[in-house]
Amino acid sequence: MNHCPIETELVLYAAGELPDARRRDLQEHLAGCDACRRDVRSLGRGFEALEALSREPALRPEAAARFERRLGQAVTAAENAAPARPAVIRLAWQFRWVAAAAAVLVVGFLAWRTIEPARPAPAQTPREVIEEISVALDLLEFDDQQAQAVARPAPAAWDDDALDEIKIQLEQIASEESFRS
Amino acid sequence: MSPSAGDSEAPRLLVARYGPRVFGLHMRLVGKRDAAEDLTQETLLRALAGLKTYRPEGKFQAWLFRIAINVARDWIRRRPHEPASGLDPEGEPVATKSAVASADADLLGRERTAKVEQALARLPVADREILSLRFYGELSFKEIARATGEPLGTVLARAHRALRKLGELLPTDEP
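So the protein sequences, as listed, match chains A and B. Read in order, the letters of the first sequence correspond to residues 1 to 181 in my numbering. Read in order, the letters of the second sequence correspond to residues 1001 to 1175 in my numbering.
Quick caveat, the hints were computed from the structure, so don't treat them as lab data. Values in this document were obtained by computation on a predicted structure and should not be read as measured data. Glycine residues also receive a C-beta, built at the ideal position from the N, C-alpha and C atoms. Be a bit skeptical, because a hint or two may be false.
So the derived label-pair ranges between C-beta atoms look like this [what the hints assert, rightly or not]:
(1) B:Arg1079 / A:Arg38: 37 to 47 angstroms
(2) A:Asn2 / B:Gly1058: 31 to 41 angstroms
(3) A:Glu28 / B:Arg1161: 23 to 33 angstroms
(4) B:Pro1151 / A:Ala111: 51 to 61 angstroms
(5) A:Ala100 / B:Asp1034: 43 to 53 angstroms
(6) A:Glu17 / B:Phe1060: 14 to 24 angstroms
(7) B:Lys1052 / A:Leu105: 30 to 40 angstroms
Which bits of chain A does chain B cover? Going by a derived footprint, with three or more residues having C-beta under 8 angstroms, they are [claimed, not checked]:
(8) 12 to 20
(9) 41 to 49
(10) 55 to 62
(11) 65 to 79
Over 12 angstroms on every C-beta distance to chain A, these chain B residues come out as not near it, computed from the model [claimed, not checked]:
(12) Tyr1054
(13) Arg1055
(14) Glu1057
(15) Phe1060
(16) Ala1062
(17) Asn1070
(18) Arg1073
(19) Asp1074
(20) Trp1075
(21) Ile1076
(22) Arg1077
(23) Arg1079
(24) Pro1124
(25) Val1125
(26) Gly1149
Go ahead and model the full structure; you've got the sequences and the hints to work with.
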């Protein structure tokens, strides 16, 4: 670094706020530049002069007390100005921790139900198995009857001739039976 | 640690921890003890009100001193004909009025302290703002640029000029 840095950079250097890399470059330059070195020393003396002042000048006790009192009043006024909550909300607010705990329990229960692995059904007694099979068979039988009822064509209307014919046949069967016996 | 809005101790903490420094800044900028006290109270009140929305993204002190500068600027703007000299009209150096200042003065010399105060008082308000924020707020130059709303280059150029003037007050070891 041969050219002189701008004065603002010297302020940052004197204040210790220059980034490391830049600071090293500037130090190299300062080693060979009287003018910049004098400038930096002058800035350093300026910072040093400031230290002649008290950084925390004492407040008069009455002023400090007045500040505290005034700030305290401002806090109270802000609290009083806060809108009052309705009774229900106030009550809910009082029990907010109970409500929060209940909410956590509900969420936890739902999560547990969701992620719980399928469990094997409990073992049935022989009687339960038989009852279950019986019910299943009844259902199957019922279904079969329904299916047959649907498949079978509706019987034609009975006429008198057909009934007579059936009677005749039944009488023949009966006579043959009695003959055999 | 900065005070928080819900902290019932906030008023006491603000006054005890930051009151003297804020007062020092205002004293340096307006030069009148009564006015500096009023401005300190106004700064702390505004800070207290702002604590509700304050987000600790940077230094609390930088935020507080930004409020202080705005409060002082408002005061100066309302009084265009009153010179904000930075010196107590009684003529007595401000720092030497306190016990702490007396201790400093013993160390560095009352004369030097008075000279520094007078030199500061002669600086333009904008330059005084920068040195006061640096000294009382202990802000970096970047934070000062943010607090004053000035470009960093402008702040550094002013600081360069003001620091060199103050530096001339101290004896030099060079021929």
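Return the numbers of the hints above that this structure violates; sort them in rising order.
none
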